Amino acid sequence: MNLTTTSNPMVSQPYLVRDVVKETYDTFTLTLESQNGANVFQPGQFSMLWVFGVGELPISISGPPSHHDKLVYTVRSVGQATHALVSQDAGCGVGVRGPFGTGWPVEKAKGRDVIIAAGGIGLAPLRPMIYEILGNREAYGRLVILYGARSPRDLLYRKELVAWARHRDTQVLVTVDYGGLAWRGHVGVVTTLFKYARLQPSCSTAMVCGPEIMMRFVARELEGHGLARKDIYLSMERNMKCAVGFCGHCQYGPHFICKDGPIFPYEQLRPLLEKYEL
Amino acid sequence: METLERIIAEHSFFTDLDSDFLALMVGCASNVVFKAGTYILKEGDPADTFYLIRAGKVAVEVVAPQHKPIIVSTLEEGDLLGWSWLMPPFQWKFHARAVSDVRAIALNGKCLRTKCDENHDLGYEVLKRFARIIEERLEATRLQLLDIYAVRR
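These protein sequence lines map, in sequence, to chains A and B.
Here the first sequence is numbered in the numbering used here, starting from 1 and rising by one per residue.
Here the second sequence is numbered in the numbering used here, starting from 1 and rising by one per residue.
Calculated from the structure, these hints are not laboratory results.
Careful: at least some of the hints might be erroneous.
[Stated by the list, open to error] Ranges of calculated distance between the beta carbons of each label pair, as one might list FRET restraints:
1. B:Thr15 / A:Glu107: 50 to 58 Å
2. A:Gly111 / B:Asp20: 43 to 51 Å
3. A:Lys195 / B:Val62: 36 to 44 Å
[Unchecked claim] Rough simulated footprint, nothing fancy, chain B against chain A, three-plus residues with beta-carbon under 8 Å:
4. 137 to 146
5. 149 to 157
6. 203 to 215
The structure presented is a predicted model; accordingly, all values stated were derived computationally and were not measured.
Positions of the beta carbon are idealized from the N, C-alpha and C atoms, including for glycine.
From just these sequences and the hints, can you work out the full model?
So, in structure tokens, the structure goes:
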């Protein structure tokens with residue numbers, strides 16, 4: 001297999017935009033095709049996407065790890081560079097560096113129940129892990145997905161959420177912080193879903209991604225339900241530039257998020273999470 | 001057939017409650033059903049009941065002037081609805097609407113209040129259990145107020 005690896009992690013590889021799918025009013029999923037060969041990544045890793053003439057962005061891979069011919073990214077359009085990225089037409093060129101960083105603990109989770117807790121666009125870096133579990137169903141125990149978004153119109157992957165819930169031994173619980181009268185689902189922050197989840201804490205591994213404060217509360221809730229700190233993993237986010245631990249933009253205490261993370265065990269992060277202004 | 005006593009005894013709210021107190025609770029309890037779309041309680045109405053939801057979904061709504069009602073939280077099987085019966089002026093502060101058909105146990109708050117006044121051990125047990133729920137919901141509300149998924153510019 002011809003892998004798209006280069007000896008210099010600072011050099012982008014050429015990719016073509018295959019399609020851009022609108023997920024919500026401000027969030028889009030891009031599928032990119034390599035011009036140089038296959039792509040291998042671990043669920044939870046990210047790439048640096050270079051929009052020519054605009055800038056470079058760290059974006060988590062949100063597609064299936066088994067698809068080696070393309071890379072999928074879900075991007076929220078909130079600034080100039082993200083807007084330029086999601087405005088690309090099919091056939092446009094994008095530079096890709098990576099994949100970078102640590103992935104979710106795929107091997108460690110095998111044979112155990114997996115609790116996926118996501119908030120907002122935090123579901124995107126967890127989606128490859130969900131694909132991994134559902135594609136190798138016998139290798140894992142129960143899958144519990146807890147997903148919170150701001151409002152019904154902010155929910156990502158709506159059709160997939162319904163489809164995932166149909167898999168055996170899979171529980172999908174979705175909530176929104178604010179619901180209009182037409183919304184018939186759950187309303188409340190993501191931590192309120194735990195009381196409806198069927199958990200077996202002693203044999204579960206939890207993977208959490210979302211705003212940092214949400215992860216802090218979720219980790220606390222998981223601990224309260226009996227999960228060991230070593231079995232809880234969080235995906236951190238900081239301003240990443242070089243993606244290889246040279247520039248220091250993403251320094252978080254003694255760690256570089258790009259190189260040592262973005263996935264960390266909770267027990268490693270816990271002392272830092274409650275520090276002011278870190 | 002499930003008896004009220006068994007249903008109440010098995011509810012997490014009453015876990016480890018003394019059997020005499022449990023019997024007092026059962027004396028204040030009755031089975032109720034609400035059709036989807038009906039209001040279980042309305043803001044400003046006298047608060048003299050609380051509910052243990054057995055099945056279905058309840059939306060807690062707040063009405064803001066010139067806005068459609070907003071659902072601030074939903075409650076489902078196993079959840080408890082209503083604590084305004086505990087504190088003066090004993091009036092509901094929110095609307096609660098059955099989103100789907102709801103089966104619940106209604107507990108007469110007025111009756112329970114009298115029993116709590118007469119027996120402070122019972123009153124302490126009841127307040128401790130409500131305080132835990134209020135604390136959980138306060139924490140969730142604080143997190144909700146942070147609007148953590150909003151774009152920060």
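Need the list of violated hint numbers for this structure, in ascending order.
Violated hints: 1, 3, 4; rest satisfied.
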